[in-house]
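Asker: Sequence:
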Amino acid sequence: MPKFKGVSFETAIIERYRRRENSVEEALIEMYLAGGSMRRIEDITKALWGSKISPFTISELNKKAYVHIEDWRNRPLQGGRYPYVYVDGIYLRRNWGGKFENVAILVEIAVNEMATVRYWAPLRA
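Per our numbering: the sequence shown = residues 1 to 125.
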């Protein structure tokens, strides 16, 4: 690779001092949360970019995701008081790598004093 004196290089794809793009980290978290084993994720990363990602790295990425989940679970409900709150899990059938499984999704429905209905469901963290 040619070297130039006095010229700095900055990539437009990955932020400075980062090893991976955010979308790659999100995909790794989703693979793990979808039931992928550490070994399977290592094999996939090896096939995609030639080097395995360590179980420690996957664990650290998942800690970041769980922080967002806990923030969502402990957030204040806005819009006043809610005398009626219904919380339920909805099961959906999903295809995970050729195998169909039931996946639970938490949904909260709240009715305030003005009979206004609000829905909450966890979106991507």
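Everything labelled a hint here was simulated from the structure, so no lab data went into it. Any given hint could turn out to be false.
[What the hints assert, rightly or not] Label pairs and their in silico Cβ distance ranges: (1) N22 to I109: 30 to 36 Å; (2) Y86 to A34: 34 to 40 Å; (3) S54 to E113: 48 to 54 Å; (4) S51 to R81: 39 to 45 Å.
If you're wondering where the values come from, they're calculated on a predicted model, not measured in any experiment. Here a beta-carbon is modelled for each residue, glycine too, at the ideal position from N, C-alpha and C.
Asker: Look at each hint and say if it fits the structure.
Answerer: Right, here's what the structure says about each hint:
Remark: the range hint 30 to 36 Å for N22 to I109 is upheld by a beta-carbon distance near 32 Å. Checking the proposed 34 to 40 Å range against Y86 and A34 shows it is violated: the Cβ atoms sit about 27 Å from each other. Hint check: S54 to E113, Cβ distance near 52 Å, so the stated range 48 to 54 Å holds. Between S51 and R81 the beta carbons are some 53 Å apart, a value that contradicts the proposed interval 39 to 45 Å.
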